[in-house]
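Q: Each chain, written out:
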Amino acid sequence: MARFEAGMESMVEVFIYETTTLLEQLDQILIKTESNNGFGDEDINEIFRIMHTIKGSSAMMGLSNMSALAHSMEDMFFIIREEKPYILSIGTLYDLVFTASDLLKAEVEIAQDEDYTPADFSEHIEKIESFVAILKEGSETNPEQLLTTSLEDSEIETSTHNSNIISVRVFFDDDSEMENLRSLLLIKKIKDDCLELEYEPSDIETNPDSSRIIVDNGFIIRFKPLNDESFIFKAIEDSVSVKSYEVIEDNLAEALPDYIDLEPTAEEENIAIDIEKSETISNQTKTKVETTKDAESKDDAKEKIDIPKSADQINNLLSKTQGSRGKQNLISVNLNKLDELLDMVGEIVITEAMVTSSADLKGLELDSFHKSARQLRKLTDELQDIVMSIRMVPLSGVFNKMRRVVRDMKVKLNKDVNLVFEGGETEVDKGVIDNLNDPLMHMVRNSMDHGIEDDPQKRIKLGKPEKGTVTLSAYNASGEVIIVVADDGAGIDSERVLEKAKKNGLLTKPESEYTNKEIFNMIMQPGFSTNEQVTEFSGRGVGMDVVRKNIEKIGGTVSVDSKDGVGTSFIVKIPLSLAIVGGIEISVGTSIFTIPINSVKESFKLNQNQLIRDVSGEEMVMIRGKCYPLIRLYEYYGLTPKSTDVFDGMVILVEGGGKLACLLADELIGEQQVVVKPFSPLFNRYNVKQNGMAGCTILGDGSITIILDINNIIHEQ
Amino acid sequence: MNEELYNELVAQFNTDGGEILMFTVDRVLYGVEIQYITEIIGIQPITIVPRVPSYIKGVINIRGKVVPVINVRNRFSIPEIPYDDRTCIIVVELGEIVVGLIVDRVREVITVKPSEISSTPDNNQNSSNQFIRSIIESNDEIKLLLDVRKLVME
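These protein sequence lines map, in sequence, to chains G and W. Using the working numbering, the first residue of the first sequence is number 1, and each one after it goes up by one. Using the working numbering, the first residue of the second sequence is number 1, and each one after it goes up by one.
Only chain W is shown next, with the shape it has when bound in the complex:
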């Protein structure tokens, strides 16, 4: 998915709101728009691909398709924990790139109103904040909306 198209989708989300899937990594609540998600699966046997950045854990077989998986914990520089039966892989599709994101727990899908979306402070450049696109405040809870494109492609 090129940047242009992605920015268009982001702008549309910011003005109209939309549905997001919530998940936790290291007890922090994150969200990702469901329009990019194709499915959520449990942890699968992963084939290691050597000589790629460590956050790319390898590839998995989803019905005959070879899909790379990214561990969100590594991406956020949070220490890894062993996978358990509640570890999930969220499969996202960005144009021709299909990627699985390994997260600790998956929560529910919520609908976000435009008024609940606010942008992130720009001065934060540490490793986990650079992948946060906006902050969502609803039901007295703070959720961090992921910048999926940045997480996957940069």
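Only chain G is shown next, with the shape it has when bound in the complex:
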């Protein structure tokens, strides 16, 4: 950070957070409007505002190159906003803005580095300026044509005029009778063309007396037209027995909620948390969370505020913004603070166990102590749940980033796909989310590049829609989150995969013994890539094995499923949280190990007739007619057990990565919530993870146990 002036350091984080958030927002607007084929006024204003803010804040940070680029963009949107020029090539405009957004994003990322040198944006600025020149010319020659196109998306107003509510007073023919029913018919007729609609008297359906009011005062309709108000006027005119109507001026339009912008979902170092959750925690632990109150006013950007107060403030704002973009009951908190909080809670959980299971208490009868201890246990459990839930972030943020990936691929590959999201509201730990971006991006790219057929005719022949679909879905299942990236493309050609694997020497058993599933999963082995030709997006040799590695790094697994001609799906299973897991303690000799509870299926003592040996002398355990390999942990880790007799020990059936196996341990000690502590970097070069050790944890009595990574133990066999 050497390059920022003294005194600016505290601002850097805010700047990076704010700019990244704004650029995310920009991308969202661009992608939304690109699919609608045009900007609404509001979008133009929004982009203008974003660029203006970035210009100002980057100038303040002394990043003149970013400021200049943002300035040129601001100019461009100023002209678009003010002169509404006719834009011949909207594609060029999008390319310019997307590129600028990428350049800025890249710049923000590296601005913090020690050896940062400002990138030169002058080339892109020139491009923008020449485009602006064309725009200006265009606006002089075609002053009447507007850029704004009619949009189907109901949330985008087409013009400022239309966004006002119009009030109309309708009178019916003098002796038409049943005015209330006629009014009702009229409302039904225009309902579909209105965004908002209300009328007076409002009880025409139920109150026969309303007829009289209509005769006296006329029937008043207030509406916000969907497209053009003239449609609605026409509809009123054409209605049977309408005598006359008049447009009345009232100040209802002013009562329309002002759009109040709150920072949306947080990214980068900050995390948005639900006020409700943090309120609960502030009640329970009296924790004050320092919040970044208003990223825009930098001077007092970081100040401590009481959460209930900020909640009130936000609620006030919310009540004003009803009807505008929702989901704004949020504050931003530095992620480091949440990490610290989680660590602290982890320590409390351990200490609590340390106190209640203290050796000093053995043999004592302490009724009230145990009662209080139970109460404490309950509270620490709740505290832990709340802290974990604060760290939970919905997947929709990561999903939305994929829109951009798809958009870029669309342009480069000239292949159009629908991107469908399901279950974006599923929440996972922030630490997990941060590591999901790259693997997901790779999988989406892979689906678009290799999954969806190059030739749309092929799809039509198979009776599939011309346009391919990539579906991103997420859901919870037994302590895990499952994310599926599915395409409806050609599917994986298993013969080609097998051939390729053979060529690359990846086969470990005769070809005929491979199941389809095993073959599909081969594409995630290092050094495998079926595409003969390297494209820009995938097939660079890094391939899917990187996806697998990244997912495994966060304790998850990936598998592939595919059906010829129907499509391929990547199934990612990740743990809900990284930090605290339920574990079962087992002993092997003098060592104690912890098995994550979601890997454990059952534990039991072995019967004589359950143990069988296969031809090569491998031990198997028969459970309810199924055979599972037996792994003697003392053998696996070279330890000295209490007894080498299988029937003395405890057998634990575990599952990892879709496979089951039995572990043999000496004894089952108990079950406990444990805080995962990573191994010292000293162990990095010994591949402890591959050797089935996920981390360690400190138990209540201060002793350390090693948490087993069942997945790796099973797969090493």
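Any given hint might turn out to be false.
Straight-line alpha carbon distances no greater than 27 Å define the calculated DSSO-like cross-link-like pairs of lysine-lysine that follow [as the list claims (entries may be wrong)]:
no. : chain 1 : residue 1 : chain 2 : residue 2
1   : G       : K659      : G       : K689
2   : W       : K65       : G       : K553
3   : G       : K689      : W       : K150
4   : G       : K337      : W       : K65
These aren't lab readings, by the way, just hints derived from the structure by calculation.
Fit chain W to the given chain G structure using the hints.
A: Here is chain W on its own, set in the frame of chain G:
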């Protein structure tokens, strides 16, 4: 701690001298600069970490931190002896890596003058000598100054 920074610290020690903690392993006197030492503790219950080199005895719990421990005897290929009440763990910190070194006895801290430091003969490559950085001769005693980084990280 990267090599560059470590070499800088070594060069500084060679020119300015400094304080070293002395300890014995198999009755031989060794020294380690106190700038790397965070604390000295008695022997602790050690949790075995399987499938790592045998000189890494496992991990210990130092106030909630999980710290790996190295037995210097194993590192020097000297036969192990049972731990007793004078066995010590010297906790050293090298950048992000914190490690405990198990030694037989800990002696006092002495100040070393630059003139007392001499380099080791290069031709010695046997297992205990490769971790010796320099020889210190003071008060008619020979002390072997450990190359901590090499001992821990190579």
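Q: Hints first: check each against the structure and report whether it holds.
A: Outcome of the hint check:
no.: 1; hint: G:K659 <-> G:K689; verdict: holds, 18 Å
no.: 2; hint: W:K65 <-> G:K553; verdict: holds, 22 Å
no.: 3; hint: G:K689 <-> W:K150; verdict: holds, 24 Å
no.: 4; hint: G:K337 <-> W:K65; verdict: holds, 19 Å
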